[in-house]
Amino acid sequence: MYKLVALDMDGTLLNSEKALTSKVREAIASAKEQGIKVVLASGRPFEGMLPTLKELGLDGADDYALTYNASLILKVACKSVVSSAILTGRDAVDLKKLADKLGVNILAYSMTRGLITPKENEYTEYEAKLNGIEYSLFDFDKLEADEDILKVMMIDQEQILSKAVEQLPQSLQEKYSMARSTPFFYEFMNKDSNKGMGMAALTAHLGLTAEQIICVGDAANDLEMIKYAGLGVAMENGSDEVKANADYITASNDQDGVAHVFEKYVLN
64 MYKLVALDMD GTLLNSEKAL TSKVREAIAS AKEQGIKVVL ASGRPFEGML
114 PTLKELGLDG ADDYALTYNA SLILKVACKS VVSSAILTGR DAVDLKKLAD
164 KLGVNILAYS MTRGLITPKE NEYTEYEAKL NGIEYSLFDF DKLEADEDIL
214 KVMMIDQEQI LSKAVEQLPQ SLQEKYSMAR STPFFYEFMN KDSNKGMGMA
264 ALTAHLGLTA EQIICVGDAA NDLEMIKYAG LGVAMENGSD EVKANADYIT
314 ASNDQDGVAH VFEKYVLN
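The sequence shown begins at 64 in the working numbering and counts up by one.
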């Protein structure tokens with residue numbers, strides 16, 4: 064029945080050590096042998112996903128990746144764009160002004176400049192290290208109004224960020240797709256960009272239907288793809304909102320929860 068399984072990475076596919084377990088690797092390998100397509104859908108940039116894609120053998124000519132929360136969907140081997148929905152430099156400038164007002168740090172992914180932030184902070188360093196990339200300090204006021212920006216993130220300590228999120232103007236809901244991907248990351252994407260819309264675009268591209276898809280995730284940025292899927296699965300370590308909207312709750316990412324999904328719904 065199911066022909067494609069989409070997996071979030073952090074908190075889902077990877078355990079708390081940011082590693083793949085042997086049981087998860089084996090389950091994915093077995094699914095691929097049975098002709099099941101496995102796709103990674105992450106808030107990470109492509110560069111931060113590539114080592115895991117390679118480790119799982121998901122880097123072939125017919126493999127796909129949803130990057131930046133599906134702001135950019137790529138064919139892995141050639142990096143050709145299947146679908147994109149991105150922001151502009153004007154958005155980054157506006158959100159930087161708001162971040163200053165709310166007292167939180169900010170970063171952005173520019174299509175041409177890579178990861179940028181206006182000042183040193185530990186959360187940009189964390190994001191860069193997590194994805195194995197460099198970042199640069201850049202004055203957002205110098206961004207071109209029409210510069211291609213993949214996503215913007217407000218970043219800070221959990222309590223500080225929570226307070227800022229509570230004060231976000233309601234009008235932003237109409238302008239951006241927004242989601243809290245970790246306690247210290249709050250992400251802003253194009254209004255037409257979330258993992259649910261990304262999965263809809265990819266399934267259409269592949270000639271599949273939502274009923275043939277399993278989506279697995281743990282955080283708020285996974286919510287839309289879990290709602291979209293024929294079978295939406297939440298991790299036991301996932302947020303209450305994600306679990307409330309899931310069709311099934313699997314074990315945690317430290318208990319091979321992804322492998323259990325394959326064993327229950329695909330391999331058997």
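Don't take every hint at face value.
[To be verified] Derived SDA-like pairs: lysine to any residue, alpha-carbon spacing no greater than 25 Å straight-line:
{"id": "1", "residue 1": "Lys142", "residue 2": "Lys160"}
{"id": "2", "residue 1": "Lys160", "residue 2": "Glu185"}
{"id": "3", "residue 1": "Lys86", "residue 2": "Glu326"}
{"id": "4", "residue 1": "Lys238", "residue 2": "Leu269"}
{"id": "5", "residue 1": "Lys117", "residue 2": "Gln220"}
{"id": "6", "residue 1": "Lys164", "residue 2": "Lys142"}
{"id": "7", "residue 1": "Lys164", "residue 2": "Tyr198"}
{"id": "8", "residue 1": "Lys117", "residue 2": "Val156"}
{"id": "9", "residue 1": "Lys66", "residue 2": "Lys238"}
{"id": "10", "residue 1": "Lys306", "residue 2": "Gly270"}
{"id": "11", "residue 1": "Lys117", "residue 2": "Leu67"}
{"id": "12", "residue 1": "Lys164", "residue 2": "Ser225"}
{"id": "13", "residue 1": "Lys238", "residue 2": "Lys290"}
{"id": "14", "residue 1": "Lys254", "residue 2": "Ala307"}
{"id": "15", "residue 1": "Lys95", "residue 2": "Ser315"}
{"id": "16", "residue 1": "Lys138", "residue 2": "Lys164"}
{"id": "17", "residue 1": "Lys81", "residue 2": "Gln220"}
{"id": "18", "residue 1": "Lys142", "residue 2": "Glu197"}
{"id": "19", "residue 1": "Lys164", "residue 2": "Glu118"}
{"id": "20", "residue 1": "Lys238", "residue 2": "Met174"}
By construction, these hints were calculated from the structure, which means they are not laboratory data.
Q: State the violated hints by number, sorted upward, taking the hints as numbered earlier in the document.
A: 1, 4, 5, 6, 8, 9, 10, 16, 19
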